[in-house]
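Asks: Fit chain A to the given chain X structure using the hints.
What follows is each chain in one-letter form.
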Amino acid sequence: MSSQSILRQENIKKNYGWFIVIVICLLPLLKISFDNYITLTIAGLALGMFVFLTASGLSVIFGLMDVLNMAHGAIFAFGGYASYTVLKRLGTLGWVETGTLGQSWASFGLGILAAIIVGVVVGFIIERVIIRQVYGDHLKQILITFGASYVMVEIIKIIWGPNVEPISIPDAFGGSWVLGNIIISKFRIMAIFVGVLVLIVSQLVLKKTKIGIIVRAGVENKEVVQAIGYNINKIFTAVFLVGAALAAIGGAMFSYNKLSVYPMMGEEQFIFAIIVVCIGGMGSIAGSFIGAIMVGLAYNYVAFLLPPLALGIDILLMAIILLIKPKGMMGQ
Amino acid sequence: MINELTPVQQDRLHEQKTKYTNKAFWLQLIFIACLILVPLVIPSFRVTDMVAKIMIMIVLVASYDLILGYTGILSFAHHMFYGIGAYSVALLFYHSSNPSAYLLIAAIIIAVALSFVLSLLLTVFSLRVQAIFFALLSLAVAEFMLILSEQWTSLTKGEDGVNFPLPDLLSSANASGRMVTYYLILVTCLFLFFLLMRFVQSPLGKVLRGIKDNEKRATAMGYKTLRYKIVPIVIGSCIASIAGILYALWLRFVDPVTVFGSALMINILIMVIVGGLGTLWGSICGAVLVYLAQTWLPDLLKVMASVLPPHPIITGLTERWLLYFGIMFVLIIIYFPRGVIGTIQKVINEKKAERLRKGA
Chain X
1 MSSQSILRQE NIKKNYGWFI VIVICLLPLL KISFDNYITL TIAGLALGMF
51 VFLTASGLSV IFGLMDVLNM AHGAIFAFGG YASYTVLKRL GTLGWVETGT
101 LGQSWASFGL GILAAIIVGV VVGFIIERVI IRQVYGDHLK QILITFGASY
151 VMVEIIKIIW GPNVEPISIP DAFGGSWVLG NIIISKFRIM AIFVGVLVLI
201 VSQLVLKKTK IGIIVRAGVE NKEVVQAIGY NINKIFTAVF LVGAALAAIG
251 GAMFSYNKLS VYPMMGEEQF IFAIIVVCIG GMGSIAGSFI GAIMVGLAYN
301 YVAFLLPPLA LGIDILLMAI ILLIKPKGMM GQ
Chain A
333 MINELTPVQQ DRLHEQKTKY TNKAFWLQLI FIACLILVPL VIPSFRVTDM
383 VAKIMIMIVL VASYDLILGY TGILSFAHHM FYGIGAYSVA LLFYHSSNPS
433 AYLLIAAIII AVALSFVLSL LLTVFSLRVQ AIFFALLSLA VAEFMLILSE
483 QWTSLTKGED GVNFPLPDLL SSANASGRMV TYYLILVTCL FLFFLLMRFV
533 QSPLGKVLRG IKDNEKRATA MGYKTLRYKI VPIVIGSCIA SIAGILYALW
583 LRFVDPVTVF GSALMINILI MVIVGGLGTL WGSICGAVLV YLAQTWLPDL
633 LKVMASVLPP HPIITGLTER WLLYFGIMFV LIIIYFPRGV IGTIQKVINE
683 KKAERLRKGA
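Residue numbers (our numbering), protein chains in the order written: chain X, 1 to 332; chain A, 333 to 692.
One or more hints might be untrue.
[Said to hold, decoys possible] Reference excerpt, derived from the structure (chain A facing chain X, CB under 7 Å, subset only):
1. L406
2. F457
3. S458
4. Q483
5. V519
6. F531
7. R652
8. L655
9. G658
10. V662
11. L663
12. I666
13. F668
14. E682
[Unchecked claim] A few chain A residues that don't get close to chain X, going by computed Cβ distances all over 10 Å:
15. L469
16. W484
17. S508
18. Y515
19. S594
[Unchecked claim] Simulated pairs of lysine-lysine, BS3-like, Cα-Cα distance not exceeding 25 Å:
20. K88(X) / K222(X)
21. K210(X) / K222(X)
22. K140(X) / K258(X)
23. K355(A) / K684(A)
24. K349(A) / K684(A)
25. K538(A) / K140(X)
26. K351(A) / K684(A)
27. K355(A) / K678(A)
28. K548(A) / K222(X)
29. K140(X) / K678(A)
30. K548(A) / K325(X)
31. K556(A) / K351(A)
32. K538(A) / K548(A)
33. K140(X) / K222(X)
34. K157(X) / K634(A)
35. K140(X) / K544(A)
36. K325(X) / K556(A)
37. K208(X) / K325(X)
38. K548(A) / K140(X)
39. K186(X) / K88(X)
40. K208(X) / K222(X)
The hints are simulated quantities; they were obtained by calculation from the structure and are not laboratory data.
Here a beta-carbon is modelled for each residue, glycine too, at the ideal position from N, C-alpha and C.
Chain X with its partners taken away, still in its complex shape (with noise of 0.2 Å):
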């Protein structure tokens, strides 16, 4: 083969995941009205966005410490918890629902704060009590977390009741533009705004600065990371807190856009997760973001078009691209 068509082959293998994530944005075309076809465009996009922020914390703890972290859902839990928690008291202070412009911000904001602490908190105590005992043997870290995320949701049962709960989320937030015939929430619009900018924000930290490297190095080869003289348990721990904080976002956000919360949001939407760690690749906070836009939307379509096959469609994605590219889109 010349090099010429190696070069090829490499480049299509490169740049086949944003081929399918097109195919996937055109093909629903044919058979949804456009009207729609946008409205579940944008809603795809931002469940997208909810699962990336999961599913990245996911990737790289896995990528970097060899722990598949089962209890993730439960931390994403949390965090819409902690934020339903903050929300319910400022809007008895009057803040969320007849507030102004600034507190409806302050709120938001307040919101998300609250789950990052609960969400770091959570995570801290998983990595320390439960990880910690069980480093090295991957069977026991997956059923160790297993079964915390079942204790984890059984607390967040009593603490808050086993029943559903509903948010009401800032004025400013709620609601939605109108084009037309085209009806455009403004909560998602948000939601794949704060996604894209946490990629921008993760990759530049990765690329730029000194701790990125050694995360993407850890990520590689953790043995020549530790030689070099790094504390690598350190650096777990900061990358599992930061993955949990991340999680605890996604919770928050999500609960914002579903209007609710409730003690198994965690454990469906970490199925997701899996499924945009496992074609994305592990490690790979780029390829979860691909992943989980294809996810985000080919659900969405689908759930359109035929409810029940929503994630069948999202298993077969996962399995087509282990058969292509078992490592996953950008895994190492």
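Replies: Just chain A, lined up with the frame of chain X:
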């Protein structure tokens, strides 16, 4: 010197000589005798019901032990195959106007064929890469099955579940129907359990243990590990679907959340770990212990709740018995990972080693 046997050979010879006279064998015989006598001797139907359910769980957990304990592959979809078996019986009998024994055989064939194909697809797609992808894919597919069974109402009648009649021999219309069903379940479970035991002690089973210990060494010795890993997963899944068939025959009612829900999966996991991974007898022990705990833990918690003051957090703590299950699960994995039978085996082996060391 040449005719003297090594300690290991002596031990094996001793084991073979006492195969039918040692304590473990008599324990097994007594256990089987108890199982046979339970519906005849004990008048309460609740006990027979509990024993039948425990037997079905034992087979389910033993087949899972084959996948997790002997081959070392984590799967989150075991309950899915159980559900496939249960639903094939349920739907076939529900839609037929005249249930007969032949329909049962058709249900068995359909269930096993479906499980075979599905488990084959799962393994082929994901085991090539890494075992962890199999776990993740199985988790996603099991969740998908749950959603399908709840929403494909035209086929599965949705969340309400399926109530169905049984062939005359087994149905409760005649006086001895339940007894016949019980003995059918007993015989099938015994057969499946012995099948698993035989499989584990066969040359194929020994290769699997080698693969679990050190896969690279097994590959270096020339075994195509992928094929050797596919076989126990497929067999375990088919046995799980037969267990599901038995469950449907006994309960005569199947609903999506019970058979496809993740509560069943975590039950299987707890039972297999409490009993002991990698020992088939562990599944018996684990199933019995966990089943009894599940029956009595909520009552115990209620007693505690009546004693303590009625604060909402405390009522919450005493209502949610799943919390304690999860905590127990985590603690057992950290401190007691070999399970009951595993620890007993370890203790016996250590004593044997002591004896041999002192004797030599």
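Asks: Does each hint fit the structure? Answer for all of them.
Replies: To see whether the hints hold, each was checked on the structure:
no. : hint              : in the structure
1   : L406              : 6 Å, holds
2   : F457              : 5 Å, holds
3   : S458              : 6 Å, holds
4   : Q483              : 4 Å, holds
5   : V519              : 33 Å, violated
6   : F531              : 22 Å, violated
7   : R652              : 5 Å, holds
8   : L655              : 4 Å, holds
9   : G658              : 4 Å, holds
10  : V662              : 5 Å, holds
11  : L663              : 9 Å, violated
12  : I666              : 5 Å, holds
13  : F668              : 12 Å, violated
14  : E682              : 22 Å, violated
15  : L469              : 7 Å, violated
16  : W484              : 6 Å, violated
17  : S508              : 42 Å, holds
18  : Y515              : 36 Å, holds
19  : S594              : 8 Å, violated
20  : K88(X) / K222(X)  : 44 Å, violated
21  : K210(X) / K222(X) : 16 Å, holds
22  : K140(X) / K258(X) : 34 Å, violated
23  : K355(A) / K684(A) : 16 Å, holds
24  : K349(A) / K684(A) : 17 Å, holds
25  : K538(A) / K140(X) : 23 Å, holds
26  : K351(A) / K684(A) : 17 Å, holds
27  : K355(A) / K678(A) : 17 Å, holds
28  : K548(A) / K222(X) : 21 Å, holds
29  : K140(X) / K678(A) : 19 Å, holds
30  : K548(A) / K325(X) : 22 Å, holds
31  : K556(A) / K351(A) : 34 Å, violated
32  : K538(A) / K548(A) : 16 Å, holds
33  : K140(X) / K222(X) : 20 Å, holds
34  : K157(X) / K634(A) : 18 Å, holds
35  : K140(X) / K544(A) : 15 Å, holds
36  : K325(X) / K556(A) : 22 Å, holds
37  : K208(X) / K325(X) : 28 Å, violated
38  : K548(A) / K140(X) : 21 Å, holds
39  : K186(X) / K88(X)  : 21 Å, holds
40  : K208(X) / K222(X) : 20 Å, holds
Violated hints, listed in ascending order, are 5, 6, 11, 13, 14, 15, 16, 19, 20, 22, 31, 37; each of the other numbered hints is respected by the structure.
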